[in-house]
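Asks: Sequence:
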Amino acid sequence: AGADDAPGPQGGYQAPFKARVAEINALREILLGRKYRQNQEIEAEVLKRSPFEGYYTGDLQLNRGAEDGVRVGMVVANRERVAVGRIVALGKVTSTLRLVTHPNLSMSVYVPSRSLSAITKADASLVETGELGLLAPPPALFVSAIQADEMKGTKRAEHKRDPQFLQPGDQVVTMGASDPANYAHGVVVGTVSHLASVKKSSAGWPLSARVIPGRLDSLRYLRIIVPPALPALPPTQH
51 AGADDAPGPQ
61 GGYQAPFKAR
71 VAEINALREI
81 LLGRKYRQNQ
91 EIEAEVLKRS
101 PFEGYYTGDL
111 QLNRGAEDGV
121 RVGMVVANRE
131 RVAVGRIVAL
141 GKVTSTLRLV
151 THPNLSMSVY
161 VPSRSLSAIT
171 KADASLVETG
181 ELGLLAPPPA
191 LFVSAIQADE
201 MKGTKRAEHK
211 RDPQFLQPGD
221 QVVTMGASDP
231 ANYAHGVVVG
241 TVSHLASVKK
251 SSAGWPLSAR
261 VIPGRLDSLR
271 YLRIIVPPAL
281 PALPPTQH
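So for the sequence shown, my numbering puts the first residue at 51; every next one is plus one.
Computed beta-carbon distance windows for the label pairs:
| id | residue 1 | residue 2 | range |
| --- | --- | --- | --- |
| 1 | Glu93 | Ala227 | 25 to 31 Å |
| 2 | Ser167 | Pro218 | 16 to 22 Å |
| 3 | Asp229 | Ser165 | 17 to 23 Å |
| 4 | Pro153 | Glu93 | 25 to 31 Å |
| 5 | Lys98 | Ala231 | 25 to 31 Å |
| 6 | Ser100 | Arg131 | 22 to 28 Å |
| 7 | Arg131 | Gln217 | 19 to 25 Å |
| 8 | Val143 | Gly219 | 38 to 44 Å |
| 9 | Thr241 | Lys142 | 36 to 42 Å |
| 10 | Leu97 | Gln217 | 37 to 43 Å |
| 11 | Arg131 | Ala231 | 18 to 24 Å |
Quick caveat, the hints were computed from the structure, so don't treat them as lab data.
Virtual Cβ for every residue (Gly too), placed ideally from N, Cα, C.
Go ahead and model the full structure; you've got the sequences and the hints to work with.
Replies: Structure (structure tokens):
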């Protein structure tokens with residue numbers, strides 16, 4: 051037996067433990083994008099934007115679909131590569147884009163300067179209906195601190211009480227942890243504009259800040275972001 055398998059205070063579990071650590075580190079590298087090659091892009095054009103729905107809440111139809119490599123859940127960005135929403139429905143040659151400002155769309159995001167994971171949720175009370183085609187500034191998004199899991203321990207209560215872990219000017223980007231095969235990592239979503247009072251949203255999240263997203267009033271040519279294939283994880287030893 052090798053040194054790693056020798057009996058000891060850990061009962062001979064060093065080798066499986068090291069294998070598990072290697073697996074966790076590989077996952078971490080994936081989520082942080084350090085082993086990603088560049089995201090690919092599918093150029094798309096808006097075919098339809100309903101004039102009867104709110105300008106920031108209506109879905110858009112794009113001219114790319116499954117035959118072009120589009121998948122449900124993919125991030126869509128504007129020409130400046132700022133995320134404007136996600137693909138929520140798919141046909142052979144078309145797809146449906148739901149905007150970041152839609153009240154039924156949340157996005158998993160990350161604040162690099164704070165090492166903070168979060169989600170976005172549109173505040174329905176701020177969304178302009180878009181009646182008569184009048185354009186309004188993009189509504190604010192709420193960034194809610196994700197409830198800490200066992201790895202974050204006691205920081206959960208700290209985050210709920212004190213919103214100062216976010217600051218105006220902090221950049222917010224997509225975090226592809228929940229669906230890394232379809233949801234690209236590192237696409238800019240917006241910038242924190244100011245902190246909001248800590249209160250519970252309808253979903254029970256502690257609302258902590260508002261983010262100004264990219265421009266949504268002149269969407270015609272877009273980029274559907276295709277994340278690269280995930281690198282293989284090391285085999286798990288039992």
